[in-house]
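K.L.:
For chain A, the structure is supplied; the task is to place chains B and C on it using the hints.
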Amino acid sequence: MNIEISDLQFTYPTGVQALFGVSLEINSGEQVAIVGQNGAGKTTLVKHLNGLLQPTSGYVRIGDWDTKQHSVAKLAHRVGYVFQNPDEQLFSKNVGTEVAFGPKNLGYASAQIAALVKDALELTELSDKTETNPYDLSPTWRKMVAIASIIAMDTPIVIFDEPTTGQDAVNIARMASVIAKLRTQGKTVITITHDIDFCAENFGRVIAMSRGQMILDGKSTMVLGQEEVLATTYVDPPQLTRLGKRLGFEKTVTNKAEFLAALQK
Amino acid sequence: MAIINLQNVTYKYPLTDSPVLHNINLQVNEGEFVAVIGPNGAGKSTLCYTIAGFVPHFFKGELTGTVEVAGSESSNSSLHEWVLNVGLAFQNPFNQISGAKYTVFEEIAFGLENTGVPREEMKPRVEAAMKLTDISDLADRSPYSLSGGQQQRVALTSILVMQPKVLVLDEPTSQMDPIGTREVFSVIRTMAEQGMTVVLVEHKVEWIAKFADRVIALYEGQILLEGKPQAVLTSDLLMDKGFGISRYTSTAREARNQGLWQNDRPLPVTLDEAVEGFRK
Amino acid sequence: MNDRLSFYRKKNSLIHRLNPFTKLALIFTLIVIGIFGTGYWTASIVVCLVLIPLTFISKLFWEYLWVVLRLILPTATFMFVMQSIFIPGGITEIFHIGPFSVELETVQRSFLIVSRLFLVISAFAFLLLSTHPSELMSDLTRRGLAPQFAYVIISTLQILPQMQAKAQTIIAAQRSRGLDTQSSFIRRVGSLVPLVGPLVFGSLVEVEERAIAIEARGFTSTHVKTSLHDVPDSNFDKIIRWVLVALVLIALALKIWLS
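Protein chains in written order, with the numbering used here: chain A, 1 to 265; chain B, 1 to 280; chain C, 1 to 259.
Bound-form chain A, shown alone (with noise of 0.2 Å):
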């Protein structure tokens, strides 16, 4: 399922204009993680892949669903979407019927519906907690009670609005398994994020993006390695591949492997 976005121009109902022409397209399966200071226009471009908002002009394709012709119901088959508050989500009584809700809004028959949940459940961690309400369950466990809402709907393309934030390094552990997860299964993964470490671990494209309009897009090794341009946008490069400039490597290095392995040489 591919993504196709074209000359997007967006002005919220205020009159201030937040998106000026972004043009990019997304193949199926591919990892992106959209970086840049708030108010850039990050979470203003996401929303318009599941039509929660409207280009004003240019346009979305998500597959060969132009956005302005279908509702938000319907684009919710092709784009699962994870808010970044899972207090803003969760309502039912146990975390299996919460998990439940998204495949059942999406008309899928109830056997498919126990399976889609059980495999979320247990991508999650969250097995042993079906019975338990969500209301009870730690800010963290929370967490991946909404992120298991959202991947028990088996859509195509996953958005992550901030997966990391106030999580500690444990449960942003369990978030990158998920990712990985959903990349074997060749899903398409976009996410936005502050934390540039967890962008250079999980994600081989990173777009960074500034006043509404793309500065960068590229693969991470590229992208990542562009202090300048990034610093425009409050973004600082991950802790590796500032420690591989110092040390003067060629390459950028944007994780472990590839900081050992320069290293080495």
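Just so you know, these hints were derived from the structure itself, not from any lab.
A couple of the hints might just be wrong.
[Unchecked claim] Below, computed lysine to aspartate or glutamate pairings styled on DMTMM-like, alpha-carbon distance capped at 20 Å: (1) Lys245/A - Asp272/B; (2) Lys11/C - Asp233/C; (3) Lys12/B - Asp7/A; (4) Lys123/B - Glu135/C; (5) Lys104/A - Asp119/A; (6) Lys104/A - Asp180/C; (7) Lys256/A - Asp137/B; (8) Lys219/A - Glu201/A; (9) Lys204/B - Asp197/A; (10) Lys93/A - Asp128/A; (11) Lys11/C - Asp230/C; (12) Lys47/A - Asp7/A; (13) Lys280/B - Glu250/A; (14) Lys166/C - Glu162/A; (15) Lys68/A - Glu25/A; (16) Lys204/B - Glu201/A; (17) Lys118/A - Asp128/A; (18) Lys47/A - Glu135/C; (19) Lys60/B - Glu208/C; (20) Lys225/C - Glu81/B; (21) Lys11/C - Asp140/B; (22) Lys10/C - Asp140/B; (23) Lys47/A - Glu162/A; (24) Lys129/A - Glu68/B; (25) Lys12/B - Glu68/B; (26) Lys47/A - Asp217/A; (27) Lys256/A - Asp236/B.
Fair warning: this is a prediction, and the values are worked out from it, not measured in the lab.
P.N.:
Frame of chain A, contents of chains B and C only:
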């Protein structure tokens, strides 16, 4: 002289089965900057609430052991006296805005109004506090119109204006973007340099390594490790238990296994330490 | 997020300079006289001959008109029509629409009720337009109102718009999970729980944190509270309040004597 003294503190929230804090022994000297790290659920927030007096006075529950802060003892103090000595700020800046005031200036003065500070004293104190946290230009704005980083600085200022002896901060940057994080850390650093006793719960270990005097690693309600940042943050024990450690540390550890880092050299936590070590 | 602080409109007028408690007493007096006063046209007279001139004196006429057109008039008109049609007990039919008949007596009764409602809402609108809620609560607290009560009122006023924003986000989040907000009415009723649930539960979490935050700022302190701003109470205010008390007593006395 210990300004915070926790001895054999065990605490259980009401209607729960197991204690969240087990036998905590912790002394913090006046002017010390102590950082607390640990996975979610380790009891870090509960520890903050205990030092700040909310455990047990707000949350009730069962507290055993002694809690002494700034000369007062928990079992014979009331919360509203305790808060005069210990300032508390936490993760979510929005929930720390009282909602009772329409401008930032009034919001900061709220604590002074509640504690009966004379009117003539209020204005200079608020102005001095705002200068310290660099928010003087926000005085007439509505607290709800501010960015996360600005709101968090207003929350900090509202506590600092009450001139507490101890500052307890529970993950103040967890919900901030990089700019907000920088702004908040700047304020904390200023307070620490001015001699304030600070207890900071944080995940961002690189910053802690640079500025904290001591690091306490909390795990499942107990103090796993305690000591100088360098020693604690590079400990193998932390790695085994799933703590978030600096990538410089984990990378250097693996490099050491491959012979690319000197065996007897301590592992790095910060960028500069890593640069120096790898250059050799 | 606009910086509009509250309903209050700051102007330089005699009314604005009055003590907030005086203004509260003033609208209370108008409401008592308008509702308990004898006479069919009392409420309407109070609105036209007292309240509207007050809005001129306080330079708030246009703002008041805006509230009338946007809020009061639609509500009042709707109620007037509904009551005229549905209140039983009328005798003299004026006209009818299909099975519904409208009688003179019900129209008269309806107008009485609606004119009083118009007065009450107008009076409160006038109060909110001419008085900063902070000042009002501050003054009432000084006169003995429990600080907790004052806090609940003010924080609700400020936080309600925030909750509105939060509700919007919840709607967006649930729509993104396939909740159809444009389907049949019955379906939409069923979608109330996923929309209201997070709002309520999320608010409970927030409320606890906010309680901790204000506690940390000494809210439950037993010290006598001081205030940053001085809310003056002049002799003129005191005289006006005594006059208002007298007017209320006269109105009540008249009602008893005439009935």
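K.L.:
Run the distance test for Lys47/A versus Asp7/A: straight-line Cα separation, threshold 20 Å.
P.N.:
holds (16 Å)
K.L.:
Given the proposed pairing of Lys47/A with Glu135/C, does the C-alpha separation stay at or below 20 Å?
P.N.:
violated (42 Å)
K.L.:
Given the hinted pair Lys225/C and Glu81/B, is their Cα-Cα distance within 20 Å?
P.N.:
Distance ~14 Å between Lys225/C and Glu81/B Cα, so the pair holds.
K.L.:
Lys123/B and Glu135/C were given as a pair; does the straight-line alpha-carbon distance stay at or below 20 Å?
P.N.:
holds (18 Å)
K.L.:
Quick one, are Lys60/B and Glu208/C close enough, alpha carbons at most 20 Å?
P.N.:
It holds: about 14 Å lies between the C-alpha atoms, which stays within 20 Å.
K.L.:
Taking 20 Å as the top limit, are the C-alpha atoms of Lys47/A and Glu162/A close enough?
P.N.:
holds (13 Å)
K.L.:
Within 20 Å, alpha carbon to alpha carbon, are Lys11/C and Asp233/C?
P.N.:
Distance of about 18 Å is within 20 Å: holds.
K.L.:
Has the given pair, Lys11/C with Asp230/C, been kept, meaning a C-alpha gap of at most 20 Å?
P.N.:
Holds: Lys11/C and Asp230/C sit about 18 Å apart, inside 20 Å.
K.L.:
Could you grab the alpha-carbon distance between Lys11/C and Asp140/B and see if it respects the 20 Å cut-off?
P.N.:
Status holds; Cα separation ~18 Å.
K.L.:
Given the hint that Lys12/B pairs with Asp7/A, test it: the Cα-Cα distance must not exceed 20 Å.
P.N.:
violated (57 Å)
K.L.:
Can you confirm whether the C-alpha distance between Lys104/A and Asp180/C stays at or below 20 Å?
P.N.:
This hinted pair holds, its Cα atoms lying about 12 Å apart.
K.L.:
CA of Lys10/C to CA of Asp140/B, is that 20 Å or under?
P.N.:
Holds: Lys10/C and Asp140/B sit about 15 Å apart, inside 20 Å.
The structure fails hints 3, 7, 18 and 24 (numbered hints given earlier, in ascending order).
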